[in-house]
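> Residues per chain, in single letters:
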Amino acid sequence: MIAEFITVLIIYIAVGTLIALVSRRFGVKTTSEYFVAGYRLGGLLAAMTYAATTYSAFMMIGLVGFAYATGVGALGFELAYLLATLILLTLFGRHVWFLARERKWVSPSEMLSDLYGFELMGITIAVIYLVALIPYISAQVIGIGKIFEGIGVGYEVGVCVGVILAFLWIVIAGIWSIATTDMYQGAWMITAASIFIIWLLAFFIPSNGVDYGELVHALSSKGLTGITEFWSLPTFLAFTIPWVFFAVTNPQVVQRVFMPANERSLKRLIQYFSIYGLIYTLIVTAIGLMARGLTELGVLAEVSRDLVTPTLLLHLNPVLASIVYVSIVAAAISTINSIVLSVASSFVRDLYERRVRVVDPRRSIRLANLVVAWLVIAAAVVAYFRPGFIVEMSVLSSVILLPLAPITIAAWLCPSLARQRVSRILSYVALIVGVAMSLYAAISLGPKKAFVITYMGLPLSAWILIATSVIVLLGFLMGYVSASRK
Amino acid sequence: MKFRRGALIYLIIGLVILVIHYLIPYTVLKEAPDMSLYMFWALLATLWVVATSLFIELRWGR
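Sequences listed follow chains A and B, in order.
Per this note's numbering, the first sequence starts with residue 1, numbered consecutively.
Per this note's numbering, the second sequence starts with residue 1, numbered consecutively.
Hints are computed from structural coordinates only; laboratory data are not their basis.
If you're wondering where the values come from, they're calculated on a predicted model, not measured in any experiment.
Careful, some of the hints might be misleading.
Calculated pairs, DSSO-like style, for lysine-lysine (alpha carbon to alpha carbon, straight line, at most 27 Å) [as the list claims (entries may be wrong)]:
#, chain 1, residue 1, chain 2, residue 2
1, A, 449, B, 30
2, A, 146, A, 448
3, A, 29, A, 104
4, A, 449, A, 146
5, A, 222, B, 30
6, A, 267, A, 104
7, A, 104, B, 2
8, A, 267, B, 2
Take these sequences, add in the hints, and give me the full structure.
Shown next, in the form of structure tokens:
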């Protein structure tokens, strides 16, 4: 298995690096080209990079395990994200895309500081991205390390391969090398998932003398075809609320709406991404459910959540299993480099370019590469030492970013009111209050408990959303009153 | 930013779809004895993907 895995991995790295090198022909001379492709990304490229960035290693390991352990509810959790994202992209995508090229936005924090006319907002958001997303990037690197460890190649080797590859595919041509390798990795991910489920349906299940009726009956007898105890409504809300707003709170996806070359490309982004997301989610959850059915029928041994995919892959042909393993590495890499580039763009734009009189593009790109290197090293250090608290913080990343949802949506809806003094101050207060609530809960309860804890029947994420929305709304109402008086 | 009529209708239907996504599984299909809950969520999402695609193609910006 080690030989097959290394061979497939080398092919994956060689082809990806070749694609990244070819992407240099698009030319990167300014930070706008480095971070947002000079606003000229084609539809398919935009859609695939959106999909590969969104769907991380969590899908093939975490979501398969969730479906296995908690039943069909895992599908509802993941599809809630897709439904909400389509609504947000369709309602705001065109407007944001248009404004981004008109006002030359490069980073999402720059977008907010511009909309509110408040530089401190952008700087604060850049720091919040760092706090929220470094643990998330590290979790992806840890995922790669664990795959390597499980196969027998070594955890440290996995961490090194992960961070070097992520760094390399960023610095070769910025977003161009990321987007083109994302398209390649996205194709690899969906192909591997398809191979996996076809093998399960057409070979593994029949060859063990199991028919599908038996499988469903086994799941149903454990209540896994309905809503299990795990998916109580507060838990379902705790899991889905941060994801419902993911498209407006996470910089790596907000930034992708800036990039399409024209309206047609933007349309294709939404359409192709939705098809990709739907198919990938259905396949991944079906794999988890089938694995659980096989366990209930005694075909597979009972395993912990994170070991469902590796256990199934033990039965698959080593070459095909290696393709699936490498697809998990690809999912992690495509998420890591997109987040790193997005966070770096916030630092370069909000902390450097907006503060100097004359921008030297070459110096900006050098600075961007430096920030990228620093972020990748930070993620590698966290992944190597695995400090419990920081690693656990990865589950809270979307909760920490949640206050950005009302702040962003309000500014998109009423840009003129956002520039009123009272609106910008109260929106800033909302941001600080929301982030403070999540960090306080993380420190006092531990990140994992903070994620699912409920107060008066509602999870922390719901309270953060309510508190920040009320403050933002109040600010905009007062801004409206003050504007009407003038 | 003002929503046009088409976008407003899309928003209202989208919110209804989201409510259904949460409500039906916790009421009607809570103890589904077969794969009906899986099928329900899968079909609802498929329906929304198709509706969104059509809306974007035919009504966006109008």
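> Next step is simple, just say for each hint if it's right about the structure.
Hint check:
no. : hint            : result
1   : 449(A) / 30(B)  : holds, 26 Å
2   : 146(A) / 448(A) : holds, 20 Å
3   : 29(A) / 104(A)  : holds, 15 Å
4   : 449(A) / 146(A) : holds, 24 Å
5   : 222(A) / 30(B)  : holds, 13 Å
6   : 267(A) / 104(A) : holds, 21 Å
7   : 104(A) / 2(B)   : holds, 22 Å
8   : 267(A) / 2(B)   : holds, 20 Å
The structure is consistent with each of the numbered hints, conforming to all of them.
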